[in-house]
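Sequence lines, in order, name chains B and L. Here this note's numbering is used: the first residue of the first sequence is 2, the next is one more, and so on. Here this note's numbering is used: the first residue of the second sequence is 2, the next is one more, and so on.
These are computed hints drawn from the structure, not numbers from a lab. Heads up, none of these hints are tricks.
Taking CB as the label site, the calculated pair distances span:
| id | chain 1 | residue 1 | chain 2 | residue 2 | range |
| --- | --- | --- | --- | --- | --- |
| 1 | L | Ser153 | B | Ser96 | 16 to 24 Å |
| 2 | B | Asp142 | L | Gln221 | 35 to 43 Å |
| 3 | L | Glu134 | B | Glu193 | 34 to 42 Å |
| 4 | B | Gln103 | L | Trp135 | 20 to 28 Å |
| 5 | L | Gln221 | B | Glu110 | 15 to 23 Å |
| 6 | L | Tyr255 | B | Gln189 | 54 to 62 Å |
| 7 | L | Ser153 | B | Glu110 | 18 to 26 Å |
| 8 | L | Tyr255 | B | Leu145 | 36 to 44 Å |
| 9 | B | Gln105 | L | Asn237 | 45 to 53 Å |
| 10 | L | Gln221 | B | Pro171 | 22 to 30 Å |
| 11 | B | Ser96 | L | Thr172 | 26 to 34 Å |
| 12 | L | Glu238 | B | Glu110 | 53 to 61 Å |
| 13 | L | Glu134 | B | Gln78 | 25 to 33 Å |
Keep in mind the model is a prediction, meaning the values are calculated, not measured. Note that the Cβ used here is the ideal one computed from N, Cα and C, for glycine as well.
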Amino acid sequence: MDNKGWSLKAGSLLPLLLLVSELLLGQSVDSLPICPTGAVNCQVSLRDLFDRAVILSHYIHNLSSEMFNEFDKRYAQGRGFITKAINSCHTSSLSTPEDKEQAQQIHHEDLLNLILRVLRSWNDPLYHLVTEVRGMQEAPDSILSRAIEIEEQNRRLLEGMEKIVGQVHPGVKENEVYSVWSGLPSLQMADEDTRLFAFYNLLHCLRRDSHKIDNYLKLLKCRIVYDSNC
Amino acid sequence: MRAAGPTGMDLWQLLLTLAVAGSGNAVSGSEAPIPKDSQVFIFSWLQRICNSRTGLFFLATPATLGRPSQSLQRVNPGPGTNSSGKPKFTKCRSPELETFSCHWTDGVHHGLKNPGSVQLFYIRRSTQEWTQEWKECPDYVSAGENSCYFNSSYTSIWIPYCIKLTSNGGTVDQKCFSVEEIVQPDPPVGLNWTLLNISLTGIHADIQVRWEPPPNADVQKGWIVLEYELQYKEVNESQWKMMDPVLSRSVPVYSLRLDKEYEVRVRSRQRNSEKYGEFSEVLYVALPQMSPFACEEDFQFPWFLIIIFGIFGLTMILFLFIFSKQQRIKMLILPPVPVPKIKGIDPDLLKEGKLEEVNTILAIHDNYKPEFYNDDSWVEFIELDIDDPDEKTEGSDTDRLLSNDHEKSLNILGAKDDDSGRTSCYEPDILETDFNASDVCDGTSEVPQPQRLKGEVDLLCLDQKNQNNLPSTDTAPTTQQPSVILAKENKPRPLLISGTESTHQAAHPQLSNPSSLANIDFYAQVSDITPAGSVVLSPGQKNKAGISPCDRPPEVVSLCQANFIMDSAYFCEADAKKCITVAPHVEVESRVEPSFNQEDMYITTESLTTTTGRSGTAERAPSSGMPVPDYTSIHIVQSPRGLVLNATALPLPDKEFLSSCGYVSTDQLNKIMP
Numbered sequence: 002m003d004n005k006g007w008s009l010k011a012g013s014l015l016p017l018l019l020l021v022s023e024l025l026l027g028q029s030v031d032s033l034p035i036c037p038t039g040a041v042n043c044q045v046s047l048r049d050l051f052d053r054a055v056i057l058s059h060y061i062h063n064l065s066s067e068m069f070n071e072f073d074k075r076y077a078q079g080r081g082f083i084t085k086a087i088n089s090c091h092t093s094s095l096s097t098p099e100d101k102e103q104a105q106q107i108h109h110e111d112l113l114n115l116i117l118r119v120l121r122s123w124n125d126p127l128y129h130l131v132t133e134v135r136g137m138q139e140a141p142d143s144i145l146s147r148a149i150e151i152e153e154q155n156r157r158l159l160e161g162m163e164k165i166v167g168q169v170h171p172g173v174k175e176n177e178v179y180s181v182w183s184g185l186p187s188l189q190m191a192d193e194d195t196r197l198f199a200f201y202n203l204l205h206c207l208r209r210d211s212h213k214i215d216n217y218l219k220l221l222k223c224r225i226v227y228d229s230n231c
Numbered sequence: 002m003r004a005a006g007p008t009g010m011d012l013w014q015l016l017l018t019l020a021v022a023g024s025g026n027a028v029s030g031s032e033a034p035i036p037k038d039s040q041v042f043i044f045s046w047l048q049r050i051c052n053s054r055t056g057l058f059f060l061a062t063p064a065t066l067g068r069p070s071q072s073l074q075r076v077n078p079g080p081g082t083n084s085s086g087k088p089k090f091t092k093c094r095s096p097e098l099e100t101f102s103c104h105w106t107d108g109v110h111h112g113l114k115n116p117g118s119v120q121l122f123y124i125r126r127s128t129q130e131w132t133q134e135w136k137e138c139p140d141y142v143s144a145g146e147n148s149c150y151f152n153s154s155y156t157s158i159w160i161p162y163c164i165k166l167t168s169n170g171g172t173v174d175q176k177c178f179s180v181e182e183i184v185q186p187d188p189p190v191g192l193n194w195t196l197l198n199i200s201l202t203g204i205h206a207d208i209q210v211r212w213e214p215p216p217n218a219d220v221q222k223g224w225i226v227l228e229y230e231l232q233y234k235e236v237n238e239s240q241w242k243m244m245d246p247v248l249s250r251s252v253p254v255y256s257l258r259l260d261k262e263y264e265v266r267v268r269s270r271q272r273n274s275e276k277y278g279e280f281s282e283v284l285y286v287a288l289p290q291m292s293p294f295a296c297e298e299d300f301q302f303p304w305f306l307i308i309i310f311g312i313f314g315l316t317m318i319l320f321l322f323i324f325s326k327q328q329r330i331k332m333l334i335l336p337p338v339p340v341p342k343i344k345g346i347d348p349d350l351l352k353e354g355k356l357e358e359v360n361t362i363l364a365i366h367d368n369y370k371p372e373f374y375n376d377d378s379w380v381e382f383i384e385l386d387i388d389d390p391d392e393k394t395e396g397s398d399t400d401r402l403l404s405n406d407h408e409k410s411l412n413i414l415g416a417k418d419d420d421s422g423r424t425s426c427y428e429p430d431i432l433e434t435d436f437n438a439s440d441v442c443d444g445t446s447e448v449p450q451p452q453r454l455k456g457e458v459d460l461l462c463l464d465q466k467n468q469n470n471l472p473s474t475d476t477a478p479t480t481q482q483p484s485v486i487l488a489k490e491n492k493p494r495p496l497l498i499s500g501t502e503s504t505h506q507a508a509h510p511q512l513s514n515p516s517s518l519a520n521i522d523f524y525a526q527v528s529d530i531t532p533a534g535s536v537v538l539s540p541g542q543k544n545k546a547g548i549s550p551c552d553r554p555p556e557v558v559s560l561c562q563a564n565f566i567m568d569s570a571y572f573c574e575a576d577a578k579k580c581i582t583v584a585p586h587v588e589v590e591s592r593v594e595p596s597f598n599q600e601d602m603y604i605t606t607e608s609l610t611t612t613t614g615r616s617g618t619a620e621r622a623p624s625s626g627m628p629v630p631d632y633t634s635i636h637i638v639q640s641p642r643g644l645v646l647n648a649t650a651l652p653l654p655d656k657e658f659l660s661s662c663g664y665v666s667t668d669q670l671n672k673i674m675p
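Work the whole structure out from these sequences, hints included.
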């Protein structure tokens with residue numbers, strides 16, 4: 002019902018969003034000079050970093066929502082995936098806060114690390130998602146283009162977050178912890194139903210995790226930059 | 002109208018109710034045959050039937066109804082019931098991403114408060130595993146009827162939930178979701194507006210509308226980010242106008258009319274979501290009244306201006322088109338008049354050629370005899386007023402000349418009274434100015450004078466005759482021919498015509514029979530036109546009747562006498578002759594007749610000579626056999642004495658003599674005269 006209109010609208014918005022994101026972000030985040038800790042003259046402030054990170058996360062969540070809706074409309078109708086799709090996502094093992102109280106209680110450094118972990122966990126699945134969608138028969142361009150875009154933006158967000166972490170509490174170098182994704186064989190199954198269900202599940206998880214990261218970042222931004230007074 | 006329809010429906014409903022009640026009992030396994038609530042329901046249903054419009058009273062006992070539950074499917078839905086008759090989830094909603102609630106519709110258990118029969122169970126997945134058992138709804142009350150409210154302790158975001166609805170033990174509906182997918186915020190609160198400004202016309206105004214986010218949404222801590230959509234409309238309109246979603250809590254609304262009232266409402270949704278929450282309360286915007294000085298007229302589409310500018314633009318285009326195709330349009334509207342050409346002569350050469358070239362070419366021309374009067378600078382030409390319309394109205398020049406209409410003939414003869422415009426063709430500066438002029442000058446520089454003189458003499462004589470005939474009408478010569486009269490100019494005017502004109506006051510019935518002369522083509526070929534408007538005549542045409550030299554009336558003689566003595570410079574031979582001999586004017590007149598047949602219509606000295614020589618003889622002028630002179634230059638006498646025409650065929654080809662025709666001396670005259 003609304004999915005089609007939303008997808009179409011999103012499809013037209015996609016290039017606009019890309020442009021906006023390019024304009025807003027300018028060069029890639031890593032090319033911008035980052036304030037060394039304690040430096041007085043800082044070119045990129047924490048506020049700007051958070052602003053950019055929030056924009057990126059919001060953008061990624063938009064893209065993943067659209068991608069999921071598109072896939073749902075095309076492949077998942079009438080297949081009863083929904084009831085089956087309550088499978089776990091590979092990032093569920095990461096103990097992320099699940100409601101507002103928990104999110105408020107957790108320390109922002111920990112929350113930042115959690116975000117990093119989630120973002121890292123998605124590097125591999127996104128890469129394979131792009132590859133497999135390309136290999137799909139009659140690969141829909143809308144899904145493929147969004148997948149490619151999400152993969153790239155995810156990488157940039159990760160770099161930005163690492164810089165933020167470097168600013169917020171520098172010196173602590175965390176071991177790179179992330180969840181391993183093992184869903185690749187499912188994506189390559191010969192059986193079409195199984196394969197499509199694997200795609201559906203992956204996209205569903207991606208939408209959920211992008212929303213989670215977006216929420217965490219907005220919460221952190223208000224807390225750190227605006228002192229809980231957005 | 003059959004009332005069986007509604008009645009049938011009601012019957013089916015009754016059947017259904019009883020069947021459900023029976024089946025429900027069977028499922029739940031309760032012992033009671035029919036639950037109390039079902040009985041209540043049946044009674045209420047019966048009441049409904051009694052109150053229905055059909056007015057039919059239908060009583061049915063439960064005992065008669067023992068149908069199985071398949072009939073459940075065919076019941077027509079009434080208000081508030083779903084089609085299948087089962088409870089069904091209508092909506093699950095989380096207003097602030099912290100709690101959520103689920104609502105369902107009641108089945109046929111309409112109006113019955115029976116939480117027990119309909120139950121909601123939920124299960125949520127946590128840490129890779131589903132909890133094995135379904136838990137019942139913690140709160141059936143807070144969210145209203147047929148709802149289940151999950152407070153924040155039961156709510157986990159990004160966790161899949163599944164809920165199911167049971168009715169007396171049987172699952173009637175099931176649904177799975179995550180809480181972040183069902184976010185629909187509450188409406189904003191605290192709407193108010195402020196006036197931004199009023200337009201200069203006093204008709205429109207801008208306002209700023211502000212609101213507060215829903216109180217339960219924690220936007221301050223950034224847990225949820227909302228965007229808002231404002232809608233407004235005039236009070237009596239039905240269609241709301243929508244504005245784009247904004248993230249801020251205030252938005253300006255532009256261009257509201259001052260004399261109208263507006264309604265404004267706002268709704269919100271979570272950013273990235275699709276679904277909006279409910280609308281806020283409507284805010285009434287009562288704008289200040291329009292001041293009486295406001296413009297009366299609203300902006301109307303400027304059709305008038307558009308039409309004006311459209312016409313202007315089209316006109317410009319049309320003009321551009323015309324200017325670009327000017328030549329062609331000119332050709333269409335005013336076709337070019339054929340340029341008068343001289344046979345055998347290229348007009349371009351005449352335009353651009355040098356004097357000598359043109360002269361040579363014209364020399365080759367038939368009618369050209371470049372001989373005389375090269376250096377006569379005082380030669381002037383008959384000025385024909387060709388623009389005079391009278392000239393064109395007459396059939397022939399002869400008529401004009403011979404007619405009683407003196408003015409006409411006068412005009413024909415070039416009644417330009419001014420001599421200022423007359424320039425000699427010898428003046429070099431006019432040679433290049435005008436094509437015709439130069440041509441005339443060039444063409445006639447060698448020869449034209451004789452002819453011109455001749456022409457003038459002719460005309461003058463004619464005029465003079467006319468003039469002189471006036472007082473002596475009765476003594477007019479019987480010859481009805483135009484006679485060349487040696488004109489005597491009373492005034493010292495260079496132009497003969499003018500002199501003639503001045504003296505020519507009385508309209509004289511020219512000749513008693515001008516019609517006889519109508520055949521006379523008293524015409525000189527116009528070879529050219531001077532810039533002053535004078536026409537250079539060339540005697541190329543053979544005329545049917547020549548024009549005899551005009552007779553000199555007796556009174557002229559007296560004048561001649563006096564003038565002859567005074568000024569010997571300009572007088573024509575005839576004049577001289579007349580001065581000498583008075584008597585033979587009659588003979589002259591008689592001689593005029595034979596000269597009528599002259600081919601040459603102009604007076605020639607020869608003819609004069611011959612005519613003068615013979616007195617009383619009516620013989621034809623020997624000049625009839627004389628060759629036709631091409632040109633006769635007319636010497637315009639300064640002091641009006643007359644004209645002396647020099648014919649080329651004169652037996653006295655003495656140029657000296659001829660050139661001095663205007664200055665005929667007594668000796669020369671004697672020479673001429675036999």
